Amino acid sequence: MDKFVTIKSSIVPVQIDDIDTDQIIPARFLKATTRDGFGDNLFRDWRYDENNNPKKDFILNNSDYQGKILVAGKNFGCGSSREHAAWAIYDYGFKVVISSFFADIFKNNALNNGLLPVQVSDKFLQTIFDKVAENKHTELVVDLEKQEVEIVGAGVIEKFEINQYKKTCLINGYDDIDYLINMKDRIEAYEKTSKYLNLVS
Amino acid sequence: MGKTLFEKVWDAHVVSNITDGPDVLYIDKHLIHEVTSPQAFAGLEKRGLGLFRKNGIVATADHNVPTKDQHLPIKEALSRSQVQKLTDNCNKFGVTLYGLGHKYQGIVHVIGPELGITLPGMTMVCGDSHTSTHGAFGSIAFGIGTSEVEQVMATQCLMQSKPKTMKIEINGTLGKGVLSKDIILYIISKISASGGTGYFVEFAGSAIRALSMEARMTICNMAIEMGARGGMIAPDQTTFDYIKSREFAPKGAKFDEAVAYWKTLFTDEDAKFDTVYSWDAADIEPMITYGTNPGMGVKISQKVPTVNEIDPTGKTSFEKSLEYMGVDQGKTLLGKKVNYVFIGSCTNSRIEDLRLVAEFVKGKKKADNITAWIIPGSKQVEAQAQQEGIDKVLLEAGFELREPGCSACLGMNEDKIPKGEYCVSTSNRNFEGRQGPGARTFLVSPLTAAATAINGVVSDVREFV
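Read top to bottom, the protein sequences are chains A and L.
Each residue of the first sequence is one higher than the one before, counting from 1 in the working numbering.
Each residue of the second sequence is one higher than the one before, counting from 1001 in the working numbering.
Derived by calculation from the structure, the hints in this document are not laboratory data.
The structure displayed is predicted, hence computed values, not measured ones.
Backbone N, C-alpha and C define an ideal beta-carbon position, used for all residues, glycine too.
Errors might be hidden in some of the hints.
[Stated by the list, open to error] Label pairs and their calculated CB-CB ranges: (1) Val5/A - Gly1420/L: 44 to 50 Å; (2) Pro54/A - Gly1420/L: 20 to 26 Å; (3) Asn172/A - Ala1282/L: 39 to 45 Å; (4) Lys1092/L - Lys184/A: 19 to 25 Å; (5) Asn182/A - Asp1268/L: 32 to 38 Å; (6) Lys184/A - Leu1395/L: 39 to 45 Å; (7) Lys123/A - Ser1245/L: 54 to 60 Å; (8) Pro1305/L - Val152/A: 37 to 43 Å.
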């Protein structure tokens, strides 16, 4: 996993609530057996029509809006557990997703891939949408070390929460397997006491 | 203070706590399928790791499989290669696979319970959000991403933060024509598609207790649709009777020992939940969704809400959703013409679902405009349906009984609903394009689906009973 460094970037705002992982990447694009290339189909059916022509009214097709930070409405990433959704967002070039609420499985998947989900208040989220409506080149700074998001030039900063273990993993580029494989002895000791393993043995 | 059912099972599986971090949770059984496992196997190989406990995994092929002519090679090349990759990986790593053509093949959340793999008090995961289904047995079961699939393969453990606990009680008696699918659609319509996020839910109350195991599975299956990581129901005699003598369930003295343990799996009287909801079963009617998330549901006799009746912050998303669906605010869905009826998916494809539909359509004919697909959840469900003559009843009514798989639930395999068409569906998600690009889904119970197939328009099954 790549190490997470502080990001300063313009943003791509998608002001829609309840964006499910079927919208982020439809099931028919989940047939690959590697992790590569999913960014091409990010938001596929919002981004392209049935003849694969870009839909002009969708923001990813508007070159005015670019950057490493995706900002979306509440309950982002609900639905299917497909990690392909996190892969697609990261592969497209985003390093951070900001919303006022994330679905649990998506949040874990993002964290396991070096994609930082930043949960902010409804009010702060609206402020970001308002600022980018005024100026499409609005930039944010996302500082994981300080756990802060700043709207550049607006003097507005909000703190965000993150599990301290996950924070350490992101900053250092570690993943959970690196941690767990060092616990082999303890896991085997647990197995000797497991009720389930005893019942099915 | 006492413990909840969830806390008892969770605490019994914690290998280690990390300060300010997640728990290391031991996973008893890991189910895998072709879509979310290939990158995990590849990751293991890249790290030079093997499986921690290979008999801790069971595999099947379900998402990509066709539901016609399963004896022939899969037509679509990418689907075929993904299913083949699963076979190759299972052979290489020594994982038990119930692949295409095997008598136990089927939707992963149908075969686990019917084979006696799913047991009370265990932890189960799968790279599929509907793993919550297995919680109906009083197990902790939840969906995970592919990185986590790799973690479990490598260590039989997961790093997980302990969720909050919620209790949802449904007391009283269900009305005629109301099924467990209606209970869960009712609950999600009350607390929204995100109301359960951050929680593990226990479903309780006399109306839940009265349900069969298969009906309970339908409820826990859709716990994820309110955002909850999983749902659970405390095991009882109904659970033990269902498990007894299933293929891989404990037998003889081991079964008795198991039941003695399982009987300790309930929420203590003095245990505390973070959140509690309670509803009266008598208030539940046959339900239907009108929008593009499972929380957008109404009683079938009610009208679709108007924009003035919903939370003002959700106005834009609400209007976008209704525009996609081609549904009018303030109007009923009853009488709306639909051309497709889909009965299947890990929510409603078990033998009881098929029996209910067959009993209802016996002696009736589907409407001319309707294409009605019924997809059994597994080879075993299919065989049972044939043994009971259900296949003939359905055929005579003009329904097509196909072969097992996820089918039109997710628009991945050959079975898709065409653009713009309405489908009355017993599956679990009504997201935009879920059943195929541009397809429009109304989620309902198997009985409402059957009634709609007969009338050719959205129908209230209570007109028939």
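Status of the hints after comparison with the structure:
| no. | hint | in the structure |
| --- | --- | --- |
| 1 | Val5/A - Gly1420/L: 44 to 50 Å | holds, 46 Å |
| 2 | Pro54/A - Gly1420/L: 20 to 26 Å | holds, 21 Å |
| 3 | Asn172/A - Ala1282/L: 39 to 45 Å | violated, 56 Å |
| 4 | Lys1092/L - Lys184/A: 19 to 25 Å | holds, 22 Å |
| 5 | Asn182/A - Asp1268/L: 32 to 38 Å | holds, 36 Å |
| 6 | Lys184/A - Leu1395/L: 39 to 45 Å | violated, 55 Å |
| 7 | Lys123/A - Ser1245/L: 54 to 60 Å | holds, 58 Å |
| 8 | Pro1305/L - Val152/A: 37 to 43 Å | holds, 40 Å |
Of the hints listed earlier, those the structure fails to meet are numbers 3 and 6, in rising order.
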